[in-house]
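Let chain A serve as the given structure and place chain B on it in line with the hints.
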Amino acid sequence: MSASANRTALVRIVAGREISVKLHDKGFIASTIVFLAVIVAATVIPALLSGGTPSYTLGVTPGATAQATLAQQLGALADDERPMGIPAADITIAEVDSVASGLADENNIAVLSVDGIAATLSGRDTVPDELETLVTSAHTQTVVGEVASDAGLSEAQMTTLTSPQPPKVVLSDPPPTFAVPPQLVVLVFGFLFYFAVLTFGLSIAQSVVEEKQSRVVELLVAAVPLRWLLSGKVLGNAVLAIGQVAIIIGAGLVGASLTGSGDIISQVAGVSGWFLAFFVVGFLMLACLWAVAGSLASRIEDLQSTTLYMQVAVMVPFFAAILIQDDSPLQRVLSYFPLTAPLMMPARLAQGTAAGWEPWVAMVIVLVTAIALIGIGARLYAGSVLNTSKRTSLRAAWAKGAGA
Amino acid sequence: MTWRVGGVVMVVTVSETLTLSIRGLRQSFGDRVALDDVSFDVRPGRLTGFVGGNGAGKTTTMRAIVGVLQPDAGEVAFGGAAMTLSVRRTIGYMPEERGLYPKMKVLEQLVFLGRVLGVDKSAAAQRAVELLEEFSLTDRAGDVLHTLSLGNQQRVQIAAALIHDPKLLVLDEPFSGLDPTAMDTMGTRLRERAAAGLPVLFSSHQLDLVEKLCDDIVLIREGRVVATGEVSALREQRAGRRYRVQVEGDPQWRPALPGVTVRDAGVQGVTVELDDDVDPQELLAAAQRAGAVGHFGRVLPSLAELFAEVGR
Chain A
1 MSASANRTAL VRIVAGREIS VKLHDKGFIA STIVFLAVIV AATVIPALLS GGTPSYTLGV
61 TPGATAQATL AQQLGALADD ERPMGIPAAD ITIAEVDSVA SGLADENNIA VLSVDGIAAT
121 LSGRDTVPDE LETLVTSAHT QTVVGEVASD AGLSEAQMTT LTSPQPPKVV LSDPPPTFAV
181 PPQLVVLVFG FLFYFAVLTF GLSIAQSVVE EKQSRVVELL VAAVPLRWLL SGKVLGNAVL
241 AIGQVAIIIG AGLVGASLTG SGDIISQVAG VSGWFLAFFV VGFLMLACLW AVAGSLASRI
301 EDLQSTTLYM QVAVMVPFFA AILIQDDSPL QRVLSYFPLT APLMMPARLA QGTAAGWEPW
361 VAMVIVLVTA IALIGIGARL YAGSVLNTSK RTSLRAAWAK GAGA
Chain B
405 MTWRVGGVVM VVTVSETLTL SIRGLRQSFG DRVALDDVSF DVRPGRLTGF VGGNGAGKTT
465 TMRAIVGVLQ PDAGEVAFGG AAMTLSVRRT IGYMPEERGL YPKMKVLEQL VFLGRVLGVD
525 KSAAAQRAVE LLEEFSLTDR AGDVLHTLSL GNQQRVQIAA ALIHDPKLLV LDEPFSGLDP
585 TAMDTMGTRL RERAAAGLPV LFSSHQLDLV EKLCDDIVLI REGRVVATGE VSALREQRAG
645 RRYRVQVEGD PQWRPALPGV TVRDAGVQGV TVELDDDVDP QELLAAAQRA GAVGHFGRVL
705 PSLAELFAEV GR
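Residue numbers (the numbering used here), protein chains in the order written: chain A, 1 to 404; chain B, 405 to 716.
Next up, chain A with everything else stripped away, as it sits in the complex (with noise of 0.2 Å):
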């Protein structure tokens, strides 16, 4: 056994300690649970419910048949080959004498009659969007293809006429496309984000108090050096906040890419980068400060009313991060400014309107914040986490922490 003091050593016991006590924690494991289970569900619902292609059957009397081959080929196109505005649907024609025995088939959705010009889709309590769309499509096509015929049009003129060249749309400056709308992606990195650093701050500036209401840190303080303890709270902290965001981050990922939705994640997965490392630089830099929340509580029931503006230091960007979000000058200052550049640089970035060089220069200025609300954070935690009695105020802390 040595009494000599390892500073690597003594920091990862503390941060070992805080991990510990969190992965036992209950509360933390649901939430934890909770919030993959939301994000799975996010990504592989939609996929299912728009993935596949639907299929119908469809009861065709007899005279109806052209229309509806018409329609079932239609609807059978390839995506890059289906005209705009045309849906994909597997249809099954089957052949029924007449309406009224059609629908007496539960297997049929609808029935198809035509009575010269005019069609008749019958259904029960609803027709789909896609098959009222692919008949409507294909009985225009057999009427107008008719009504050329009969004017003794060539087969190329019907052709034209039937499906008409769409007008080519050229745009000189086109806006990059995105799988999923780039403000839903800074909704849920916004999200994400603010409950991460809300739930981990707060279990700093608990486990700060903690120790402080139990008297432990006598004990404490007497082997180890303020910020040694400090750092290995913040550091323990740190590291389940980052694991939980990114294990989060890439369930979403995994769960789009088993479900086939490849350009969700070459977008998200493009940002995501940027997003982490903000975040974990935004949480270092508020984290000090967490702790200076709970060192100057002296029982749990003061943390309300010491940590309040660190709540609402984490609030306010993620409000100003999801509600501004068209390219403004205020976007761009807010972008820089070191409490919602973690959040406001990375959103810019999805949305494509940031240089490749702006990020950089956001991640040196939120850096050098970080550097220095640590230092006074350490300062003000070492001048008040001994003062057991009762609050601490801001200035007694500063000035009892010099130097400690």
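Keep in mind that the hints were calculated from the coordinates and are not lab data. Yeah, the Cβ is synthetic: ideal placement off N, Cα and C, and Gly gets one too. A hint or two may mislead.
Claimed, not checked - Quick list of in silico lysine to aspartate or glutamate cross-link-like pairs, EDC-like style, CA-CA up to 20 Å:
no. : chain 1 : residue 1 : chain 2 : residue 2
1   : B       : Lys509    : A       : Asp25
2   : B       : Lys509    : A       : Glu301
3   : A       : Lys26     : B       : Glu512
4   : B       : Lys507    : A       : Glu146
5   : A       : Lys400    : B       : Glu512
6   : B       : Lys507    : A       : Glu301
As the list claims (entries may be wrong) - Listed below are several chain A residues computed to face chain B (Cβ distance under 7 Å; list not exhaustive):
no. : residue
7   : Ala5
8   : Arg12
9   : Ile13
10  : Ser214
11  : Val216
12  : Glu218
13  : Val221
14  : Ala222
Leaving out everything else, chain B in the frame of chain A:
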């Protein structure tokens, strides 16, 4: 101790050098002077009782020793070395208001504190198990601390102070809140540590207990050390000229001598105070004239009397 044997310098650390010395501690809290030039030694292999009333400065002194508090002035040294971090880490410390994690399991807690104090994980676990056995807490090892009774929490606290095999014990009120059996056990444990050569400093306001247990005492009042040294020597020194005489067969006997004042009388005999010019031999001669003397001797003050006296 250093000497030369055939040109080789031999340095031998004798346990005698591992004295905890406190010199000139001063500490004020606002206008209130908590410590005023506090100096004393805690010698190795001896139990030193730190005695004083509430607010006398015991806790402040102990906090200054372990480095939780940075005094305004004064020095603390252990074995001649300043209290650097690595020296402080060899102290077994029990704070006045206690300090353990209420929601952590007893064994995990001891292992954690052991590791914080530099013991590696497996050694800390082994030692924690041993200590829990020593304090009859083996069956509570897996329980969360706050489910234990206060007395048992106190035992865990002392186990925490011993987890790293400390070189010095500084215990603030280790006996408060213990039942008589637990107090006995605690006393035995402290004696054992002292017998093993450690300097042990503990504070208490239970004077009879300190008197029974301690080798040395430090008496503090209003931030000043008013008496320090070996308990028996102190009592001797402060004994004054008080004698008890018992004449067998005549319990009613009273000395009729000038300059002798009767303080107390009973079956144990009579207790008298002699004026400075009275020779104790005269008292003895007078008693012998009255009959066979069953007892004749100086009366040493109890610690409580001493405490009351120096406090004036």
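Here is what the structure says about each hint:
This hinted pair checks out: Lys509 (chain B) and Asp25 (chain A) have alpha carbons roughly 13 Å apart, not beyond 20 Å. Distance check on the hinted pair: Lys509 (chain B) and Glu301 (chain A) sit about 24 Å apart at the alpha-carbon level, beyond 20 Å; violated. A hinted pair counts as satisfied when its Cα atoms are at most 20 Å apart, and Lys26 (chain A) with Glu512 (chain B) qualifies at roughly 18 Å. Of the supplied pair hints, the one linking Lys507 (chain B) and Glu146 (chain A) is violated, its CA atoms being roughly 85 Å apart against a limit of 20 Å.
For the suggested pair Lys400 (chain A) and Glu512 (chain B), the alpha carbons sit about 33 Å apart, so the restraint of at most 20 Å is broken. For the hint pairing Lys507 (chain B) with Glu301 (chain A), the CA-to-CA distance comes to about 17 Å; that is within 20 Å, so the pair holds. Among the interface hints, the one on Ala5 (chain A) holds; its C-beta lies about 5 Å from the nearest C-beta in chain B, closer than the 7 Å criterion. Interface hint status for Arg12 (chain A): violated, as the beta-carbon distance to the closest one in chain B is roughly 10 Å, over 7 Å.
The interface hint given for Ile13 (chain A) is met, as the beta carbon of that residue sits about 5 Å from the closest beta carbon of chain B, less than 7 Å. Interface restraint check for Ser214 (chain A): the shortest CB-CB distance to chain B comes to about 5 Å, inside 7 Å, so the restraint holds. Taking 7 Å as the C-beta cut-off, the interface hint given for Val216 (chain A) holds, the closest approach to chain B being about 4 Å. Hint status for Glu218 (chain A) relative to chain B: holds, with the closest Cβ pair at about 4 Å, below 7 Å.
The restraint placing Val221 (chain A) at the interface with chain B holds, with a minimum CB-CB distance near 5 Å, inside the 7 Å limit. For Ala222 (chain A), the suggested interface contact is upheld, since its CB lies about 4 Å from the closest CB of chain B, less than 7 Å.
Checked against the numbered hints given earlier, this structure breaks hints 2, 4, 5, 8; the rest are met.
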